[in-house]
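**Student:** These are the residues of each chain, in order.
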Amino acid sequence: MLFHQLTISYECLSSIGNSLELESMMAEIIITFSRKTGAVTGSYFKNYEESIPLINIGKKIPFSLLEKNININKEYYIFHEADKQVVVLPFKTSYAVFIYKGKQEVVRKLASMLGNFQHKINLSISACEGVKNLEELNEGLEQRVQKSIEKIHNNEKVLIAQSKQAIMGEMIEMIAHQWRQPITTIGMIANNILFDIALDEFETHEISDELNKVNLQVSYLSKTIDDFRDFFKESKEKQSIVIQEVFDGTLAIIEKHLLKQDIEIIIDNKVKNLKFMTFQNELIQVFLNILGNAKDAFENKRIENKKIIIKAKQEKNILSITISDNAGGIKVGVIERIFEPYFSTKKKKNGTGLGLYMSMIIMSEHLGGDIKVKNIDSGAEFEILIPLEGDRDD
Amino acid sequence: MKSYYFTSLEEFIREYGHDTGIYLLLVAEKSSFEYDDILNLKAQCYGAIFPEVIYEKQHFKSGIVVLKLDKEPVLIKNIEKPNFSEIKIEDIGSMLVFVDGLSASIDSFLFSLFELIDEDCILFGGGAGKLTLQQEKVLFSPSEILQDAALIISLPQKINVGVSHGWEFLRGHYIATSTDKNILKKIDYEPAFDVYKKVVEEDSGLKFTKDNFFDLAKSYPLGIVTMDGEVIVRDPIFTDDGDLILVGIMPENSVINILKGKKKNLLSAAEKAADVAIKGTDDLNMVIVIDCISRVLFLEDSFTQEISLIKEKVKGIPMVGVLTLGEIANNSKTYIDFYNKTCVVGALCSSTN
Chain A
1 MLFHQLTISY ECLSSIGNSL ELESMMAEII ITFSRKTGAV TGSYFKNYEE SIPLINIGKK
61 IPFSLLEKNI NINKEYYIFH EADKQVVVLP FKTSYAVFIY KGKQEVVRKL ASMLGNFQHK
121 INLSISACEG VKNLEELNEG LEQRVQKSIE KIHNNEKVLI AQSKQAIMGE MIEMIAHQWR
181 QPITTIGMIA NNILFDIALD EFETHEISDE LNKVNLQVSY LSKTIDDFRD FFKESKEKQS
241 IVIQEVFDGT LAIIEKHLLK QDIEIIIDNK VKNLKFMTFQ NELIQVFLNI LGNAKDAFEN
301 KRIENKKIII KAKQEKNILS ITISDNAGGI KVGVIERIFE PYFSTKKKKN GTGLGLYMSM
361 IIMSEHLGGD IKVKNIDSGA EFEILIPLEG DRDD
Chain B
1 MKSYYFTSLE EFIREYGHDT GIYLLLVAEK SSFEYDDILN LKAQCYGAIF PEVIYEKQHF
61 KSGIVVLKLD KEPVLIKNIE KPNFSEIKIE DIGSMLVFVD GLSASIDSFL FSLFELIDED
121 CILFGGGAGK LTLQQEKVLF SPSEILQDAA LIISLPQKIN VGVSHGWEFL RGHYIATSTD
181 KNILKKIDYE PAFDVYKKVV EEDSGLKFTK DNFFDLAKSY PLGIVTMDGE VIVRDPIFTD
241 DGDLILVGIM PENSVINILK GKKKNLLSAA EKAADVAIKG TDDLNMVIVI DCISRVLFLE
301 DSFTQEISLI KEKVKGIPMV GVLTLGEIAN NSKTYIDFYN KTCVVGALCS STN
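Those sequence lines, one after another, are chains A and B. With my numbering applied, the first sequence covers 1 to 394. With my numbering applied, the second sequence covers 1 to 353.
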């Protein structure tokens, strides 16, 4: 008999703690205890106030346990209900009930055996609760990370808007500069015509020539508007282009501005026929930011032969474009942080600190490429890397 | 409850096919039974196919034992996810249950049924199927024949059940260290068949070959040790890549033995089961014997003696039965169990619940 009790004890003990999910762990215990000890009912209540068991094996309990004042300070105890003997195993905050119809002496021994498992079951319940708490914490963490990501995305949107506003400011300045000369020309032609009228030297064919000149200037103004408007159009889908189109689009906007400061632009394009898929306007925005920074770097510096050299070449499946200047380079301490948001050395109105940060975001997240910076002999060199694999169109 | 034996389905149909009653047909495997033949009968035929049937002192490989019922049985379609909504549990004294003996979901089905029925209702029955041990459609109602199913016959009468097997300890104790439902994978952390083979070959002096597994294994079942020192027998029917496939589940970490049979002990066990079933009852109406087919395979010609011994105990009370793939019994005082290689004798009383 002792051997049989030992085997049952072993089998019951082996059923404890085999899962870290409370319900399945307790279900295995209740099923094993019930089957091995011959209980007609085995139930587990998650707390002392529950009237419906979390787990019930065998017959339903035919009376209310809530009226029985469960004693939680014992390893186990037995009470009688009609022809049944009810064994209660209290745990920390929960309890199990087994109902037997066998002999009292046998049931007492069984209850004593099951009572010996109280500590181990308590530990296993604590482990399940610990895992559940961790899972909840993890779930909370996931939600918090998700919220942070959403916040970052929202911030990015704000940054893009701010960046575009900053570029708009620069654009207006550039438009103003590009328009100044033709408007002056138109004004001068108008004054000449008015002067001729006042002197009564009004010649129809001369007026016609002058008005043709006005038309030429107006066409130029109109083209300028088109160039800028194209830039501000949202790129919805990648388009197949050659890199020269990006250079032309960029220079149409900024070249006059650079020439005004006597900055020479040199383009060395070794991939004139290479077509690739990209968001053209976003790439132009990156070039504008880099060229704008180069222009600012030349300001208030006495440098002869100011130059910006743009080189394009293909290295395996990468289109590499370098933009270097001879403006003296970027200081140590600044170059490491140059792509951080709101980092700016400029104290002027356009120093938002967003331009290069946005260039980095556009390159890495929108165009799947990269942007790097380093100092060279006489200045700084930005390198833009655009992957060609999978979307080449040559 | 009236009982009959017919040598063929044709004979039953000739006699009762036009009757509007409800009949339980316990069909022996070798009978020429075509399910379609019962479809258009006025008689409502429910039933199951078993390796053999028992009628009075004889067991038959061919033929049909018929019981006339008062209420329609319920055919449960899928015992893995049983729907019990058609079962009326009120006014039931006992429940005769036949399940697909080769289904892997027998135990979970029996637990669910046990939870459903009244405390004092007694369950008994067995596993239907054929001796080919290939799962087939063996449980039927007037509308369909199914596998992985169960047939539940609710009876208003009380029943006394005696359960005994007579198999004896040969070698042990072992621990079933890895199991999956009815598959015993490891014994004491070794491939189950390796451990089993060694003991059986040593004791029998015979060798397992590719084709003789069941011939040898039928004499060496496994026993799950229970609280009161009894064992619940598990019948290994196949071996598969080192695993032993059993009839009925083997819970992991069960303490098990390898058992061996002696004809004398098995016969005594059947007598004991009959004694327990009829003890204290004086209004017996019928005795239903649920006996494992592997006992027939082991006892061979002596099996007739087993039935005779039971019949002698119950004297003039009508006796019917089936030879099954697994036996079901519950005395309402403990949890329900699914047995193998066991003799279950149910003594049906005249009085109702």
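Calculated from the structure, these hints are not laboratory results. Just so it is clear, CB atoms sit at the ideal spot from N, CA and C, and this is done for glycine as well. Certain hints may be false.
Covered by chain B, according to a simulated footprint, are these stretches of chain A (three or more residues, beta-carbon under 8 Å) [to be verified]:
#	region
1	54-66
2	361-367
Simulated restraints on C-beta separations [what the hints assert, rightly or not]:
#	chain 1	residue 1	chain 2	residue 2	range
3	A	Q5	B	P142	17 to 25 Å
4	B	F84	A	K151	31 to 39 Å
5	B	P142	A	F79	47 to 55 Å
6	B	L206	A	Q5	46 to 54 Å
7	A	K68	B	E115	15 to 23 Å
8	A	K157	B	E115	55 to 63 Å
9	B	M1	A	E23	26 to 34 Å
10	B	S112	A	N116	28 to 36 Å
11	A	A127	B	G21	57 to 65 Å
**Student:** That 15 to 23 Å hint for A:K68 and B:E115 (C-beta), does it hold up?
**Tutor:** holds (22 Å)
**Student:** How does the region 54-66 of chain A fare against chain B when you require at least three residues with a CB closer than 8 Å, holds or violated?
**Tutor:** With 6 residues closer than 8 Å to chain B, the region 54-66 of chain A meets the three-residue bar; holds.
**Student:** Taking the beta carbons of B:P142 and A:F79, is their distance inside 47 to 55 Å?
**Tutor:** Between B:P142 and A:F79, where Cβ atoms are some 50 Å apart, the hint holds.
**Student:** Determine whether the Cβ-Cβ distance between B:L206 and A:Q5 falls within the hinted range of 46 to 54 Å.
**Tutor:** Hint violated: Cβ distance 36 Å, outside 46 to 54 Å.
**Student:** Indicate whether the distance between the beta carbons of B:M1 and A:E23 respects the range 26 to 34 Å.
**Tutor:** violated (44 Å)
**Student:** For the pair B:S112 and A:N116, does the Cβ-Cβ distance stay inside 28 to 36 Å?
**Tutor:** Between B:S112 and A:N116, where Cβ atoms are some 31 Å apart, the hint holds.
**Student:** A range of 55 to 63 Å was offered for this pair. Does it hold for the Cβ distance of A:K157 and B:E115?
**Tutor:** holds (58 Å)
**Student:** Taking 31 to 39 Å as the stated bounds, is the beta-carbon spacing between B:F84 and A:K151 within them?
**Tutor:** violated (53 Å)
**Student:** The hint says 57 to 65 Å between A:A127 and B:G21; measuring C-beta to C-beta, is that right?
**Tutor:** Because 60 Å falls inside the window, the suggested range holds.
**Student:** Verify this for me: three or more residues of the region 361-367 of chain A with a beta carbon less than 8 Å from a beta carbon of chain B.
**Tutor:** Since three or more residues must qualify, the claim that chain B covers the region 361-367 of chain A is violated, with 0 doing so at under 8 Å.
**Student:** If I claimed the Cβ atoms of A:Q5 and B:P142 lie 17 to 25 Å apart, would that claim hold in this structure?
**Tutor:** With Cβ atoms ~50 Å apart, the hint is violated.
In this structure, the hints that do not hold are numbers 2, 3, 4, 6, 9, in rising order.
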